[in-house]
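**Student:** Below are the chains, spelled out letter by letter.
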Amino acid sequence: MAMDKPATAAEPSAVRHRSRWTPGRVWALALVTFRQGVRMRLWVLVPLAILVLIFADLSSARFDPVFEAVPAAISTSLLVMAILAVIVGVFFSTYSMPAEVETKVIYSVVTKPVSSAEIVMGKALGMSLLVLAVLAPVGCGAYAYILVRAATMQSVAVRRLDEARPHAAYPADLNALEAVVRTGPLQTYRYYAADSGPTIEIFRGAEAPEKPGFVWILGETGMRLAWNLGATPLREWASAGPVRLRLALDAKPPPEAPDTPTQVQVSFEPPLGLPLREEGGPMPVYRAMLDVPASGELEVPVAAPGARPVQGVLNVPDEGDIVLEVMAMQAGRLVGAGPGAIRVVGPGGQEFAVKDGPERSAAAERRRVTLVGRSRPPRQVAVFRFNHVRESVLGAGDVPLEAAFSLDAFSPALAQTTAELVLVRPDTGERKTIPFTPESRHSTILYIDRSFWHGGPLEVRLQCLTDEDFIGLLPESVRLRLGGGPFALNFAKGILRVWFFGTVVAAVGVLMSMRLAWFVSILAVMVFLLVGIARDFLLGWAFHLLPHVPALPFVVSVLLLGLFGGLVGRLLGIRTVFIAGGIVLWCGASGFWYYSARARLHLAPLAQSLLEHVVLPVPEVTAFLPGESINVGRVMPLAEVLGSFGWALALAAVAVFLGAMALKRREVAA
Amino acid sequence: MVDPQPVVTQGLTKIYKDFWGRQKVHALVGLDLSLERGEIFGLLGPNGSGKSTTIKLLLGLIFPTSGRADVLGHPPGTPAVNQRIGYLPEESYLHRFLTGEETVDFYGRLFGLPRRERRRRTAELLDLVGLDRRARARQLREYSKGMSRRIGLAQALVNDPELLLLDEPTSGLDPIGTREMKDLILHLKSEGKTILLSSHLLADVQDVCDRIGILARGELREIGRVRDLLLVRDVFQLRATHVTPEAREAILAAVRSAGAGILAAEHPTTTLEDLFLRVIRADAEARPSSGRTGPPASSPPAVGDGHG
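Residue numbers (the working numbering), protein chains in the order written: chain A, 495 to 1164; chain B, 400 to 707.
Just to be clear, a hint being listed does not mean it is correct.
Said to hold, decoys possible - Cβ pair distances, simulated, as ranges:
#	chain 1	residue 1	chain 2	residue 2	range
1	B	538	A	1024	34 to 42 Å
2	B	513	A	982	55 to 63 Å
3	B	513	A	1076	41 to 49 Å
4	B	436	A	630	49 to 57 Å
5	B	605	A	627	51 to 59 Å
6	B	540	A	585	53 to 61 Å
Think of the hints as simulated: they come from the structure by calculation, not from any bench.
Where is the CB? At the ideal position from N, CA and C, for every residue including glycine.
All chains should be built: construct the whole structure from the sequences, respecting the hints.
**Tutor:** Shown next, in the form of structure tokens:
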């Protein structure tokens, strides 16, 4: 029989516990942990939590009793359950191990054939079961409360519908009330995203008639006209002498300021990755602000890439495509161009005509779109197209169909933003206009009569009608909302996700408590939670301030990494000097990588990804919470729940692994 | 292959350090020790002499500063070792929220005993340590100190260990419990188990140990068989019964005439422990239903403190 090496002073920890585990022992340790929680009477938290959620919900009287009260009750329930999971997870998980060390109960456990991994795994599993045991009855209580609440709401909706019918100013309200009366306020919904959109179109008004091949842009909206001049002799001619570009633009001032000249920015956009200037050389001129003359023909002087920079004379980029862009700089200005709008005039007077018309710049068609408000034409219109919604999907019955809007409206004047929604049936040409008032970061539900549409293609056109207000849009901002699945199942899925969240918190608590005192462990887990929740905010803040304080994201990274590196290193019993050295090296390498990547612009997304996932390896704990998703009744797909489970399992596994390492290196009797 | 010695230490040293890494306490210095199979070895010493430190090192609860230790041929603290040892801590450090039965069952699970075996073993051990049905269903937080020692002993024996490490095994026990514990230790020895116990109660150690080691300030000052160490070689003691006064005078005269000095010639006294046990047993026999009667005639003996 081969004998193990004896424990010596040089390597006691490496041989103390083998990293093996058996489910039976883990289960035994988990059951003891669970019993500890039960016999500490943690169940008293159950009625307390139910009372708190009822009190919190009833005391928030500002919600509309029909449309908002039930989602608010669901939201409050989940919030209370999440807080309960955190309380149980943080306080009990960090208490168990220090208490066992303090009372020396740990002596009786580690002197049995149990590995460190089994002890940590057993504790984490027991805590997880305890969180579930507390959440499950609270969830049942919350569900019963929500049912009672929903029954009350339905009777209120019936009464309100009877009162509203004779003098309803806003038909959508009637539809909504009818929907609540018929189906009840307790619904879960499936959402169908648009097949395409948002695409921006411009409602030009009478001043700008339709011209074949013409593309219009609107001032102060970020929209641009773009031509690729890579195939022209522009670069070749510019190296021989001064060149001029002649642009034929159609500029329409708004009706309220008919006589003021239209200002445009004309620019060459150098391709990404191109150095903005030669090493040590002057900055070339790529942009010029020009007024469109009454004739509409704009002349732009152009010079060779290396020519001395002169204000108002554009330098041609010295390699890659040459993309010329035109942007209108005043609100309400309509600028358009058609085929043949550009001619290149060489040094000797020779001309080259560009036959193709302009394209809308990709910048204006990017995923996130901002609708700029304007009460008079010309206006921006965001178009969402639903091409594949079959009647069978919509279901039978005469319940109105629903369209959901998750808009982000912003009013610089702090006024109520007004918007107009036009539903268009492209197959029949029928239109239906619905005015509504979006609120910032607020979801709005509008109802569509089945008599108007019950399947087939549909366009949803959205305009912001309040001058100088903005509405932010994403492809999923406008969706069709249809009933689906029982609420109870969805709610149970939500509770499951809260449980996963509690499990991660408990596992982190167990990890921290392997070497730290109770109070310090609690603080460490709270920091973990706060940083996890504030991670996006911190990054956003850092990137926002980047132009002014270039090192800020890096500083944030170093601080967070230092915090967690130091904490985990301390847990694993690594000497402080090695931890500090490791962090400095890591941050130095990451910083170098990040800034060199930023310098080469084409690597910027990679650098950002590196910063978010490697330099800032703090998991986003809020991702485990159902959050808004269940509050508005969205059906939570099973894949989403399984995804949360996978993440929770992975994070808990990392915490258990680190915890086992920490315990292995610990002298529990010292 | 010859089985390795149950415990071997070579130059085992433990120095506790403070927060800044400076050496604070030399708890154990260069301990060389080896235990033979089937013996009872007692570690003696005043408080702070290094007894508990030695046991903690042998259990892997702390790591040595220098030197080495082998327990059953393996490094201390490994599951392979822990599978074959039993440990009774100085206080019974057990989960106070578990009942007696749950406690033994829990430790049985940690040893991987199947359910049926656990049930049988739990009942057997609770009988052995003298915990009745009512006591078994109570949480440990309600136990007296003696009951805690008994349940502690039960968990230490749950795996039928080859080697037992007992830290102050009679601490907190009344004279009956102490006697029962000592009888049990002897019974375990008769089953071939090796026992290392630490104590500062010298009479207890003397009663049960084959060999002892005396620690002082972390160093082993004396080691050997109890009888050899305690033997007073220049004094002879004769004990006899039915000695008449005449016979007594004749013996004394013979001793004097042989040129030996007489240090004492008197009736011996019994020990207070023997007197106490005799009184309590007599009382129990007079009133059989009123309480425990001390250790049963047949082994293994039950252990108790009189509160159970």
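**Student:** Compare the structure with each hint and give your call.
**Tutor:** Now the hints, each set against the structure:
{"no.": "1", "hint": "B:538 <-> A:1024: 34 to 42 Å", "in the structure": "holds, 38 Å"}
{"no.": "2", "hint": "B:513 <-> A:982: 55 to 63 Å", "in the structure": "violated, 40 Å"}
{"no.": "3", "hint": "B:513 <-> A:1076: 41 to 49 Å", "in the structure": "holds, 47 Å"}
{"no.": "4", "hint": "B:436 <-> A:630: 49 to 57 Å", "in the structure": "holds, 53 Å"}
{"no.": "5", "hint": "B:605 <-> A:627: 51 to 59 Å", "in the structure": "holds, 53 Å"}
{"no.": "6", "hint": "B:540 <-> A:585: 53 to 61 Å", "in the structure": "violated, 21 Å"}
Of the numbered hints given earlier, the model fails hints 2 and 6; all others are met.
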